Amino acid sequence: MFVKILMKSSLPKQSLSQIWEAVDPRQDGYVTRDGLYKALALTALAQQGKIISERVLEQFVDSELPKPSLGDLSDLKSLSVRQRRENNPNVLGYNYDELVSLDTVDVELVPEKKGILLKHNEYHVSSKKHNCTVNRRYNDFVAFHDMLLARFPYRLIPTLPPKKLMGASKEFIEARKRSLKRFLTLVVRHPVLCEDRIVNFFLTVKGSDIGQKLKDQYKSMPDEFMTSPLASKAKELVPMDTQASFQTSRLQIQAIHNSVEKLKDVADRMTARALGFSSDMLQFAKELTALTNESHPTTVWASGSNNTWGNLKHSFTGITPYYTKLSERGAVWFKREDTGAAEYLALFLDLTSSYRELCERHEKGVLKDHQHSLQKMQQIKKRQIAAQAKGQDHAVDQLESKIVEQETDISNMENRNYFSLHCLQLETQLVHANMTLLAIVLQKMVTSQIAGHKEVFEVWNELDPLVAALLPSTSPGSSPPGSPPLK
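Numbering-wise (full-length UniProt numbering), the sequence shown opens with residue 1 and increments by one.
Treat the hints as calculated values from the structure; they're not laboratory data. Just so you know, these numbers come straight off a predicted model, no measurement behind them. Among the clues, some could well be false.
[What the hints assert, rightly or not] BS3-like, lysine-lysine: derived pairs with alpha carbons at most 27 Å apart: (1) 164 to 206; (2) 264 to 444; (3) 233 to 335; (4) 67 to 50; (5) 129 to 170; (6) 215 to 181; (7) 264 to 335; (8) 129 to 444; (9) 325 to 164; (10) 286 to 170; (11) 235 to 364; (12) 181 to 233; (13) 163 to 206; (14) 181 to 206; (15) 264 to 286; (16) 128 to 215; (17) 181 to 170; (18) 164 to 215; (19) 177 to 163; (20) 233 to 364; (21) 313 to 215; (22) 170 to 335; (23) 128 to 335; (24) 219 to 129; (25) 262 to 129; (26) 177 to 206; (27) 181 to 163; (28) 215 to 177; (29) 129 to 215; (30) 213 to 129; (31) 444 to 177; (32) 213 to 181; (33) 181 to 50; (34) 286 to 262; (35) 170 to 262; (36) 454 to 264; (37) 67 to 13; (38) 335 to 454; (39) 233 to 163.
Assemble the whole structure, with the sequences as input and the hints as a guide.
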């Protein structure tokens, strides 16, 4: 890394060698913090055309050292982060912003249904990372999900929304589209999944029947355990307290999930209220219009000398547009709520739900298979002891061969179990890295409420003097002497 930094200076190789010799005179490949500062200062001097010498640095004893020009270091920052993660495989090493930077995807419904006899919906799927947009059917997503689950059984694989065969409403289609986007978002922002060929294929390959093509091309691809360089040393990566920490974290994340589910219910009700307000104000405007257009004549017999109804009918014409505007502001508020806090809560719940399913796969899959192999080994050994007691040498030889095979299976299962536990630790850290979503939820909610109330208040405030003018005059002359003012 140090050499790569020096190379960013664009100095000739001879100058770089002189700087290296100055800071590492013993040539042991080790540079101290002071040596690093010295190297950077010498680099700056060399860029200024000065001699590379420690004596030149002595003139900066009481002043700041010169700073070199190293150009764009973004690629070195990425390399440094990658090396740090590789050196400590038990730490995920990603914060939320870094996960977001992995990729951003969008899913939009194609306006027209496809198919000749059996109509089906298609989706435009776009990836910022790959700078590509492809068309996908729901069945393509199903095949993609199945392939991910087979390839990464020890990772967080989000679930897909259900498929409705007939008579899907617009609301169902919209909800499924959003769910598919959340599914893809969690996949492409997973540090391991996002780099896999299966994900790259799904996001970039154009054409029809992609689900079947995906299965045909990758059906023989082994799972992550068989290809990971960490699988052989998985036991070394699992801390002694892993089981206890796993159980505690599992309960903690489940408790968080339960509370967030209730927050989601509240957010949904807030969204519904915004939509209800918009609908109510529109209905109010329609009824005011109906009152304005009320065509029955008002006779003297009915009103006497009271002209209130006629005055109100005339005034409703000027008031009605404000209720229409309130409805429009409410609709904007609803859209902001619908795509804001509630959607981020749904994304977080999709993540924690997939974590719960991962925990169940670990217990029902790898752990159960390991226990089954141990039980099978015990049964074979019992049969071997019984055969030895009966003097059945041929049977004993066969059982010994089975024991060797079973020991190999058990060893493989143990390694898988350790690898699964190692992945569980990182997936738990992935959930914690996404906890920032809850802060974003609060930010979205506060911002939406401030904007919504402000926008609606402006209309109510404009409407206030117009409504006040509808009321009869309350001047003192209209009340009998000595009586309180009319209200």
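* To do: Would you check the hint for residue 286 and residue 170, treating anything up to 27 Å between C-alpha atoms as holding?
  => holds, 26 Å
Regarding the pair residue 164 and residue 215, is the alpha-carbon distance no greater than 27 Å? holds, 23 Å
query: Are the Cα atoms of residue 264 and residue 335 separated by 27 Å or less?
result: With Cα atoms ~16 Å apart, residue 264 and residue 335 stay inside 27 Å; holds.
Hint consistency between residue 129 and residue 215 [alpha-carbon to alpha-carbon, up to 27 Å]
holds, 24 Å
Discussion item. What's the verdict on residue 129 and residue 444, does the C-alpha distance respect the 27 Å limit or exceed it?
Written reply: holds, 25 Å
Note to self: Hint check: residue 170 vs residue 262, CA-CA at most 27 Å. Holds or violated?
What the structure shows: holds, 26 Å
Holds or violated: are the alpha carbons of residue 164 and residue 206 at most 27 Å from each other? OK: residue 164 and residue 206 at ~25 Å, within 27 Å.
(request) Compare the distance between the alpha carbons of residue 215 and residue 181 with 27 Å, and conclude whether the hinted pair is satisfied. (result) Within the cut-off at roughly 22 Å; holds.
Open item on the list: Against the 27 Å threshold, does the CA-CA distance of residue 454 and residue 264 hold or violate the hint?
Closed with: Distance of about 24 Å is within 27 Å: holds.
For the pair we were handed, residue 67 and residue 50, check the Cα-Cα distance against 27 Å. holds, 14 Å
Within 27 Å, alpha carbon to alpha carbon, are residue 264 and residue 286? violated, 33 Å
Given the hinted pair residue 325 and residue 164, is their alpha-carbon gap at most 27 Å? Not OK: residue 325 and residue 164 at ~37 Å, beyond 27 Å, violated.
This entry does not satisfy hints 3, 5, 9, 12, 15, 21, 25, 33, 34, 39, going by the numbered hints stated previously.
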